[in-house]
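As they're listed, the protein sequences go chains U and F. At the far end of the first sequence sits residue 165, using the working numbering, and the numbering has no gaps. At the far end of the second sequence sits residue 116, using the working numbering, and the numbering has no gaps.
FYI, nobody ran anything at the bench for these hints, they're computed from the structure. Please note that the accuracy of each hint is not assured.
[Claimed, not checked] Quick list of simulated restraints, FRET-style, between CB atoms:
#1 F/Arg12 x U/Val65: 27 to 35 Å
#2 U/Gln103 x F/Leu116: 41 to 49 Å
#3 F/Gly54 x U/Ser147: 20 to 28 Å
#4 F/Glu30 x U/Tyr128: 30 to 38 Å
[Claimed, not checked] Below, computed lysine to any residue pairings styled on SDA-like, alpha-carbon distance capped at 25 Å:
#5 F/Lys56 x F/Leu81
#6 U/Lys94 x F/Thr104
#7 F/Lys56 x F/Ser86
#8 F/Lys14 x F/Thr104
#9 F/Lys56 x F/Asp41
#10 U/Lys94 x U/Val72
#11 U/Lys53 x F/Lys14
#12 U/Lys94 x F/Val22
#13 F/Lys56 x U/Gln152
#14 U/Lys53 x F/Asn97
#15 F/Lys56 x U/Ser157
#16 U/Lys94 x F/Gly45
#17 U/Lys120 x F/Glu103
#18 U/Lys120 x U/Lys94
#19 U/Lys94 x F/Ser87
#20 F/Lys56 x F/Glu82
#21 U/Lys94 x F/Lys14
#22 U/Lys94 x F/Ser64
#23 U/Lys94 x U/Thr110
Just so you know, these numbers come straight off a predicted model, no measurement behind them. Ideal Cβ positions, reconstructed from N, Cα and C, are used throughout, including at glycine.
Residues per chain, in single letters:
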Amino acid sequence: KQEVTQIPAALSVPEGENLVLNCSFTDSAIYNLQWFRQDPGKGLTSLLLIQSSQREQTSGRLNASLDKSSGRSTLYIAASQPGDSATYLCAVPFSGSARQLTFGSGTQLTVLP
Amino acid sequence: DAGITQSPRHKVTETGTPVTLRCHQTENHRYMYWYRQDPGHGLRLIHYSYGVKDTDKGEVSDGYSVSRSKTEDFLLTLESATSSQTSVYFCAINISPGEETQYFGPGTRLLVL
Numbered sequence: 053k054q055e056v057t058q059i060p061a062a063l064s065v066p067e068g069e070n071l072v073l074n075c076s077f078t079d080s081a082i083y084n085l086q087w088f089r090q091d092p093g094k095g096l097t098s099l100l101l102i103q104s105s106q107r108e109q110t111s112g113r114l115n116a117s118l119d120k121s122s123g124r125s126t127l128y129i130a131a132s133q134p135g136d137s138a139t140y141l142c143a144v145p146f147s148g149s150a151r152q153l154t155f156g157s158g159t160q161l162t163v164l165p
Numbered sequence: 004d005a006g007i008t009q010s011p012r013h014k015v016t017e018t019g020t021p022v023t024l025r026c027h028q029t030e031n032h033r034y035m036y037w038y039r040q041d042p043g044h045g046l047r048l049i050h051y052s053y054g055v056k057d058t059d060k061g062e063v064s065d066g067y068s069v070s071r072s073k074t075e076d077f078l079l080t081l082e083s084a085t086s087s088q089t090s091v092y093f094c095a096i097n098i099s100p101g102e103e104t105q106y107f108g109p110g111t112r113l114l115v116l
């Protein structure tokens, strides 16, 4: 059974700092990995999807990396801003699936002005 | 905005009553999903659909049923609601057959008393 862990559960940083969020998964035979953002009381917004054949994906100030062999992914946020404050979740498909997702519990990020 | 709406957005009900949640999409997207989100558990897949009348169970399907009689609507039914089904329910879709990124609706907050 695929299990996804995100550490730390919460993180507080001053504005402007570069930061890294971590995601680990137990079954390395994944098709892809997705990072999402969730604002309080809202749905999830897709940030990045990395295919299993890729090492990283970039979108603006966000860079996600994937190391399948070690079962790890990181989300790097450059020059953090208060508007980046949210919960960040990673998700990977169930073993043998490309679409049925297993989520981590998320990292709650607070960027202080 | 992937054109997903969920109804109702909030509901309070009593133990033992049936409840139906609706997910509606404005395009003819094939794949649709129902998740629940609970503190400490992240999001967990309840059921999913890969076409009209084609549905399958997810990780936490006990106590839930689904129906998809037309492409745009995916219904989640709690036959006899229990307090353990108090949660936030999210619907998600893939926007094209080859697209594995999932797009989420705004969620339904359900309280079972």
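Straight-line alpha-carbon gap lysine 94 of chain U to threonine 104 of chain F, limit 25 Å = holds (18 Å)
message = Next pair to validate is lysine 56 of chain F with leucine 81 of chain F; report whether the Cα-Cα distance is within 25 Å.
response = holds (18 Å)
ask   = Hey, lysine 56 of chain F versus serine 157 of chain U, does the alpha-carbon distance stay inside 25 Å?
value = violated (31 Å)
task = Could you grab the alpha-carbon distance between lysine 14 of chain F and threonine 104 of chain F and see if it respects the 25 Å cut-off?
result = Violated, at about 29 Å.
request  = Decide if the proposed pair is consistent with the structure: lysine 53 of chain U and lysine 14 of chain F, CA atoms, cutoff 25 Å inclusive.
outcome  = Roughly 33 Å separates the two Cα atoms, so the pair is violated.
request  = Go ahead and decide if the range 27 to 35 Å is satisfied by the Cβ distance of arginine 12 of chain F to valine 65 of chain U.
outcome  = Since the Cβ atoms of arginine 12 of chain F and valine 65 of chain U sit about 33 Å apart, the hinted range of 27 to 35 Å holds.
query = Hey, lysine 120 of chain U versus glutamate 103 of chain F, does the alpha-carbon distance stay inside 25 Å?
reply = Holds - the C-alpha atoms of glutamate 103 of chain F and lysine 120 of chain U are around 18 Å apart, at most 25 Å.
message = So if I understand the rule, the pair passes when the alpha-carbon distance is 25 Å or less; does lysine 56 of chain F with aspartate 41 of chain F pass?
response = violated (28 Å)
message = Tell me if the straight-line CA distance from lysine 56 of chain F to glutamate 82 of chain F falls inside 25 Å.
response = holds (19 Å)
message = For a C-alpha distance cap of 25 Å, please report whether lysine 94 of chain U and threonine 110 of chain U respect it.
response = Distance of about 24 Å is within 25 Å: holds.
ask   = Taken at face value, is the distance from the CA of valine 22 of chain F to the CA of lysine 94 of chain U at most 25 Å?
value = Within the cut-off at roughly 22 Å; holds.
message = Hint check: lysine 94 of chain U vs glycine 45 of chain F, CA-CA at most 25 Å. Holds or violated?
response = holds (14 Å)
Hint compliance for this structure: hints 7, 8, 9, 11, 15 and 18 are broken, all remaining hints hold.
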